[in-house]
Each structure stands twice: as structure tokens, then as C-alpha cells.
Amino acid sequence: MAYVIQGETGDWELVIGLEVHAQVISKSKLFSGASTLFGGEPNTQVSLVDAAMPGMLPVINEYCIEQAVRTGLGLKAAINLTSVFARKNYFYADLPQGYQISQYEHPIVGEGEVILDMPDGSTRTVGIERLHLEQDAGKSLHDQHPTKSFIDLNRSGVALMEIVSKPDMRSPEEAAAYVTKLRSILRYLGTCDGNMAEGSMRCDANVSVRKSGEPYRTRAEIKNVNSIRFLQQAIEYEARRQIDLYEEGGQVVQETRLFDSNKGETRSMRSKEHAHDYRYFPDPDLLPLVLTQGFVDHIKAGLPELPDEKKDRFMRDYGLSPYDAGVLVAEQANADFFEAVAKGRDPKLACNWVMGDFAAAMNRLGRSIDNPPVSAADLGGLIDLIADNTISGRIAKEVFELMVETGKGPAAIVEEKGLRQVTDTGAIESSIDAVLAANGDKVAEYRSGKDKLFGFFVGQVMKATGGKANPALVNEILKKKLG
Amino acid sequence: MSRSDLTRLTMAAARDGLARKDFTAVELAEAHVAAMEAARQLNAFVTETPELAVDRARAADARLAKGEGGAMEGLPIAMKDLFCTEGVRTTASSHILENFIPPYESTVSANLKKAGAVMLGKTSLDEFAMGSSNMTSHFGPVENPWKRKSDPKAKLVPGGSSGGSAAAVAARLALGATGTDTGGSIRQPASFCGIVGIKPTYGRCSRWGIIAFASSLDQAGPMARTVRDVSIMLGAMAGHDPKDSTSAPVAVPNFEAALTGDIRGLKVGVPKEYRPDGLSSEVETLWNDGIAMLKDAGATPVEISLPHTKYALPTYYIVAPAECSSNLARYDGVRYGLRVEGKTLDEMYAKTRAAGFGKEVRRRILVGTYVLSAGYYDAYYAKAQKVRRLIADDFAKAFQSVDVILTPTAPSAAFAIGETDDNPVTMWLNDVFTIPTSLAGLPGLSLPTGLSTDGLPLGLQLIGRPFDEETVLKVAEVMEKAAGFTAVP
Amino acid sequence: MSLDKNRVRTIANLARLEVRDDELDHLAGELSNIIHFVEQLAEVNTDGVAPMTSVANMELPRRVDEVTDGGCQDKILANAPEQQDGFFLVPKVVE
Ligand SMILES: [Mg+2]
Ligand SMILES: [Zn+2]
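Protein chains in written order, with this note's numbering: chain A, 1 to 483; chain B, 1 to 489; chain C, 1 to 95.
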């Protein structure tokens, strides 16, 4: 269903393009040997190159090149065998060189695509315009002193991949799904940890609105949104703001805006207002980056199974629904956990348990898949007990909670608590006989045609057996006895 | 040997004298320190480091005694103040770096130190190496030790930007000095001061730790009084450096061994475009004499054409300012150097940079900013990059038929301080013969071969194929012998 | 092309060089003079010529991804005009 915003003058459509800055996973910086670790003392992870001391020169980190190519391949994108590093010139306190080494006309990665998995199980394809490598800036702290800003260059020079989408998204949900999926792909590839809170993944949103069928209108750029939730809020607010402007007869101006998460609104960034002219030109300290097809092929051969392929396999091999498969593959560790549980078992049952009680317990306890409340082996063991009729599905839920509570294995709990299912027909028969004898009037009613009472008898028998009677046997014998 | 005898030695002779223990490195250093201190009126040095020089000379003597001396063990040299030297103030002759003390050592100066060279001090230059007269230094102009016969009182410029180095070597304050050359900054002052200077092939010497002017053109090289001396010194300076992405991964030849004296059969290109209208007759005569010397030595002069020569200057004055406008953005008063306070960050930047940079530097930053700015990039910068290729292609084509090219170094002898007009373009014409080589990245050497009628040195330039400094040096040495240039300031 | 005062002001602002109003005329003249000089390049036919960024005829060298640098806060801050608690200080930036 198309996402539309109703305005006074009719329905409006959103046009969204995203620029994601993803910090490359590497030990050292893009052009220097200083560490990329997060959270060091100020200006300790800084080389003379990162501080732009006079006469210092950049030398590129080969692993960052590999990571960019790997990411490009993961986005099914064209890899440009020749790319060029350019200087983007502007002054800012945390930009020591007075320019950022980036890529402009000739990025390392060209067009690709990302397939979004929407909550309703449907998919949408969003085009990737390009991916380029560039340096991160340092960090300015504005709240340490009444009249001064503090500058820390630890991040200065860390490798970033700027991943630019085409303006293919039409709703805040699609934007959220895009970032979620992109993050999932980067994590599978091991090229970015996707940690938005620490800033290793940051998002700029280009937002415009238009009436259906119109060409694109002027867009505003919302800078540095640092959570997916905020991204949705920012886009919703910005779209509404633009529509209101148009409907009041105003115009949207192309500008950079900031999302204020406390107020839930976007506002113009005055500091970015004065004219920008980045004067890009090829960095004369570096030469064009030339890759061989062999280098690219070698990286391609080593790519892991990515979420889309895994999802297809889960649907094909395990018969899962697109929605279930999509949810399971979003995080590689979840998918691995599921596969460990499903191995040699009924995959649908495994899926229900992993996405149902197991996921609920994880949420409730605030645990992660790396530190699960129940191991894959134990959860599998529990499913085995259901499959071989040792316990019923209902008892299994009880056993599962005890597993979470005590950390004990399913078999041990079933034995200890005597939860083993009663499948002895003699015992069940005598229970039934007792129930029927105690409820003569109801038996008569049933026999005169009140079929609905059957459930009552089942309930009474289960109650008498402490829930352990095999439900199928109870049904069968009861039917026979009631005639 | 008297102190003044020691300062008149060539590097090669001093090296041999040290080996024979005729004198010590400390004696040699002290003689030069005394000369440096006695010649302060030349203003050749921004910073003198006499204690450091004597300390290093003492260490050199110790190594020499153990037979462990390097290629330049104990030889006193001056260092252009564009090379960062650990713990020694490095200014680029700019107010903005007036108090900058680098916590690191440039690769070239480190190489020289490793070879045993003894640093006497840091020599003045045009601010950030932008100029051809050394008049743009924040620390005042440098004086050329040479005097006009007709007007001995006139203070002449040493050329630039490596003017302090050239003056120091010519005045016998150092046996040699480092220079850097972006459009002629080694060769033109060498010519003005009657010494030898070579800008090697781009990529031969590491740029790491040299304060950048225009990264695609900057190249370090030696300045000394003989071809053999620059050969010795270049060997010590050069070498692949993994810290400079444009440093060539090629071995350093034994340049001194290339001085065989035999140039028979070599073809010497003489470009017809280097005889512009109005070229002074004494420069023209000097050039013709040079051609005759090489012919006498068995080489064959060949007229060649470098058709895009006249576009080299405008190309350079787009490329170099563009790169400098970006390279000098780091001087912003935040991490080092001068800061002039302002109410806002932008105000601090603008005040710091306006106060910290001199007129010529500001002018080039503005030109460079303009030619890169939106709407002008293609017409200026991209266009210049294309013409640059045509200029480089001219040389490549010429070198298919010749082994080396001979031209004048500069269109005139040294001029007097304050004698030039206010038009910057006039000043730039000094580099008309040296800039094409820089744009093509080729090695170029200037050698003094005669005096002007007014008694001032004039130099000729030899240009070689990429990484063929050996041929350039070999031909230069033959010409040096033939010219017999023995005049001293 | 000639540069007018406004263009010079814009460029000076981009380059973060404070220029007094009374300097603008002179500067505009000087820069125009230079730009006229370099504009003779327009007469060169460069159709099909690839721009030359570097004369270095070699491949871009690459570094191994190892931590080999940093950990030298003292050197980084040694020449700082203003510092506190390991940070560089600048006039407060309001976003
Ligand atoms: Mg961007
Ligand atoms: Zn970016």
C-alpha cells in the first residue's frame, strides 16, 4: 500500500534518499597507522598525519580498500577498477588538513541495490548510487567550557564508506527498512559493526515531497541522524513541514537541517548556512587507485552467504514463510542459532520456538543471541521431547520456562518434575471412568445431543491427570466411552 | 689549514681531507660556524644551530675514527627552512610558523644525518617557497654575496625560493645546502649565485616532512659548488620512502660513479622555443658557448621543438596556486603556529591567516581558491591539467631523439632588491625556463658557466629523462671542466 | 575574465583570509591581471587530452593494516596555541 500524507490540497508522496556513513572495520586509519579503537583518551590515537602537521603525507591502508570492495560486492554493485581520491576543501575545527580526502568523480564502487524486507513480508528494491571511501573528521565537544569548544582528533582519519542510495524510498518505514537491511549486510560482510550509538554508522536523509506523478521537488538534507527510530521521526516531521509550507503557499529551500530528538523536530543548521564550495580536486599526494579484476574476484570468492541468499534458502529448504525467514536472517547469529535448533528437526516447529517463546524470553531478560537464555542444543532437546511424545506442547512451555529459570536441560526437568506425558491407556481409561461417573447428568446431556460438552470432559480428565495425559489418547478413549 | 681554507674546500676535498685526518670534522664545523656568524649581513639563515653542528661533528669524528663514516660524514651543510627538523624551529620563512618546533625529522634531512652530514642551521627562503627572489621571507630579504662590477653597493637578490641556501653555499658558509624546487627554486638561485643545483626527478627524494607548497611539483635537491658535490649529496638525500605515496620505488645509483667524463656520441637537444624575442644577448652567447663545449667533447647538438613551452608559465600559475590553496589550509591557528584570537572560529581563522601569511602567499591562495571554485574548475584547473600533459608529452617526444637537453637556467643575472616592478607576473618570468621541467617532473640541473658583462654569474640548465640524473650529471661535469668557472663572489 | 570586488570577497571568505574593504579594489585588479595571464591557455586545443594529475608513473602504494602510530599526545599537542585536558581549544562553535 502506497504511503500518502493527506494535505489540504490533496495527497502527497514522499521521496527519500539516504546517505549512510559506515565506519570501516580496520585496525588502523585510512591513511595513517594510528588505531581506530573507540573511546581512547583525547588525542592519543592520533598520528602526525592525522593532526595534519606540516609536511605529513597520506599512505593508504590496503585492508580498507578490500573492505570497500567487499561491501560493494555485497551490495551487488559495480566495482570501479580505477578510482581517484579527491580533496574536499572546507574549514572546520575538527578537520585538521582543511580538507577531507574523499572520492568525488571516480568512486571505488558504482551502482548496486538493496532489497528491503518490509514488515508485511513483501520486498522492495532500492538502488545504490555509489559507495566511496573517505576520512572521518575529529570530534568537537561544545559543552565543556563557556566560551571554548574542545577538539579531539582520535577519529580524525578513520576510514568511512559513504553509501549513497538513489531517491527510491517512499515512506519512513522504507527508510527504516533500508538502514536495517544495509546494516545487516555490512555486519554479515564484517565491514562495519553498524553501531549507531557509537557513531560507527550515521545517516543523512534527503527528503522531499511531491504530488503523485510530479517530478522531484526541492529536497532538504537532514544530517547525522543516529538511530533508526529518530530517522523515521525526522522524516515524518520533515515531510509534514514541507507539505505545510507548500500548502501555505511557501517554498522549500535546499538546506541542511538537524534533527532535534528532544523536540522531535528538524531545524535549519545555521552553521552550515553560508555558501559552501568544496573545490574538489584530485589529491596530488595520492595516485589513482587501480585494482585488478583478479583482486576483486578473490574477494568475491570469499564472500559469506548474505541475508538475501540465506532467506531464499530458509524458504526453500525449511519451508518458512518470507516473513519468518526475513526475521531470522536479519542477524547472522540469529540465523545460525535457528539452524542449530532446526538441524534434524521439524523446521517449522524450530522456527515457532525460536521466534516465539525463545525470542520472548530473550527480550524479557534483555539477553542477546551471543548470551542466550537457553542454548540451541537444549532448545533442540526440548523440541525432540515434543516430537517423541515425551511431553505435550503445553507442558513444553512450562519446561521451557524452567529451563530459562534454572539453566537445566529439558530432559532433567521433565524427569525431576515428573512431567513425562501419560500414554498408558489403562491409567487414562480409569481417569475417564472416574470423571464420567462423577458427572452423570452431563453425560446424559451430551448423549441427548449437547456435543459441546466434549471439551468439558477433556478438561476434567486433563485436570485429573495434572495435564500430563496425552491429549490425543484422551480424545480417542473419551469418544469411544461416550459412544 | 686555516679556517678560511677549510670553508673553500669542495665537499669531495673535505671528505678526502677528513679521511686523511688533515683536519677534524669539529675543525671543519667550527670554521663554517665562524663563517656563518661573520656573514650575518647576508641574512642567509633563519636559525643558526652552531652547538648542534659541533655536537654532530664530534660524533662524526668518533665514527670516522672507527672507520664507520657515512657518505657525508662530517660535512657541514645548511638546511632550507622548509625541511622539518626535530627539535629545531622550522618556519618556512613564514610568520604563521615562526615558533613551530617539529617533533619529527623530514626523511631527506634524516637521510643526510644518517650519512653523517653536519647541519649548521636553517636557511631562509621565499615564504612557503613561493617566490624567485627570497624577498617574500618574513625574516627579511637575503643578500646575494655577488656584486655588480658597475654598482658594488647594490644589494642583489640570491634568487628563490632556495635563496638562503644558494647564498650560504656561494658565500662559503656551508659546503652544500638542501633546496626544494617547485618551478625552479633550486636552479634559478643556483644560477644567480654561481653554484650548482639539481632538481632531481619527481619522486627521487621523499617529500615526507618537507612543508608542502604544490605537492605534484615539489622536489628536494642538493645545492653545492661542483657537480661532484651535488652528486655526493644527492646520493645521500635520495631514496624510496614508504611514507610518501609519490616516492618512486627505485634504487639510488652511485651518482658520483656516473661522472666518467665521456659524453661522446650523446645527443644534446637544443629547444628552439627557449630563444624568445628579447632574450638577452649575453644569455644567448652563454648558451651558444655551452653548446660548443659539448660539441667539442664529442656530443651532437640537435635542434628540437617543445611546442607548448609558452604555455608552461600559465599552466604552472594555475596548478601551483590551486594545490597551495589546499595545502596551506592546515595553517588555521588550531593545532600549531600563529593564532590571532577572534570572537568566532571563522573570525579566528580569517584573522590568523591574514596576519600569518605574507602578501605573495595570500595572493596565491586567492588565485588557487578561485581556479578551483564552482563554475571555474573546468576552465582553469582542468584545462591546466590537460595542457600539463601536452607539455610533458613534448619532452617525452624530444627524449626519443636526444639524451639530454641544454637551455639557459634564467633569462637574466641576479637583479637588485627593490628593482622589480609591482606586477607579480613580471617576477614569475624568472622561471620561464625552469617551469616546464617541473611540470614534466624531469631532472634539471643548473651549472654556472660564465659571467655577465657586469660580473654576475649565469647558469645553463641541463634536463634529463625521468630517473636519468646520471646522464645529466655526467654531461654537467664535462661542461663544468670546459667552462672552467672559477670566479668567486 | 575580470574579478569584481564581490568575487574577491567570496573567495577570501572561502579561503578564510580576512580582507579589509579598502583592499578589495587593489586585489581585484591584481587577481584579474593574473587570471588574464593564465587565460591564454584557452587557445590550446586540448580535445581528447586526459588531465595530468601526477607525473609519478607508478602504482598507488598500499600499507598493511597494522597499528604503527599514535600514542604520542605530547607531540600532537606540543605546538598547540591553546590546550586543556588533552584537547585543543578553539572559540566556541554554536551549531
Ligand atoms: Mg555526502
Ligand atoms: Zn561523506
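Mixed in with the good hints there might be a few duds.
One side only, chain C facing chain A, incomplete, derived with CB under 8 Å [unchecked claim]:
#1 9
#2 41
#3 43
#4 46
#5 48
#6 69
#7 71
#8 73
#9 76
#10 89
#11 90
No wet-lab data here; the hints were simulated from the structure. Think of the CB as a built atom: it goes at the ideal place given N, C-alpha and C, for glycine as much as any other residue.
Against chain A, run the beta carbon of residue 46 of chain C and see if the smallest gap drops under 8 Å.
-> violated (17 Å)
For the hint on residue 48 of chain C, just tell me whether its beta-carbon gets within less than 8 Å of chain A.
-> At 18 Å from the nearest chain A Cβ, residue 48 of chain C fails the 8 Å test, so the hint is violated.
Grab the minimum C-beta distance from residue 89 of chain C to chain A and call the hint holds if it beats 8 Å, violated otherwise.
-> Constraint on residue 89 of chain C satisfied, holds at 5 Å.
Holds or violated: residue 71 of chain C as interface residue toward chain A, Cβ cutoff 8 Å?
-> holds (6 Å)
Restraint check, 8 Å cut-off on beta carbons, for residue 69 of chain C near chain A = Result: holds, 4 Å to nearest chain A Cβ.
Agreement of hint residue 41 of chain C with chain A interface, Cβ distance less than 8 Å | violated (16 Å)
Holds or violated: is the Cβ of residue 90 of chain C closer than 8 Å to a Cβ in chain A?
-> holds (5 Å)
Hint status (Cβ of residue 43 of chain C to nearest Cβ of chain A, threshold 8 Å) = Cβ of residue 43 of chain C sits 23 Å from chain A, so the hint is violated.
Per the CB criterion, is residue 9 of chain C less than 8 Å away from chain A?
-> Hint on residue 9 of chain C: violated, closest Cβ of chain A at ~11 Å, above 8 Å.
Restraint satisfaction for residue 73 of chain C [CB to CB of chain A, less than 8 Å] = holds (5 Å)
Have a go at the residue 76 of chain C hint: is there a Cβ in chain A nearer than 8 Å to its own Cβ?
-> holds (5 Å)
In summary, the numbered hints that this structure violates are 1, 2, 3, 4 and 5.
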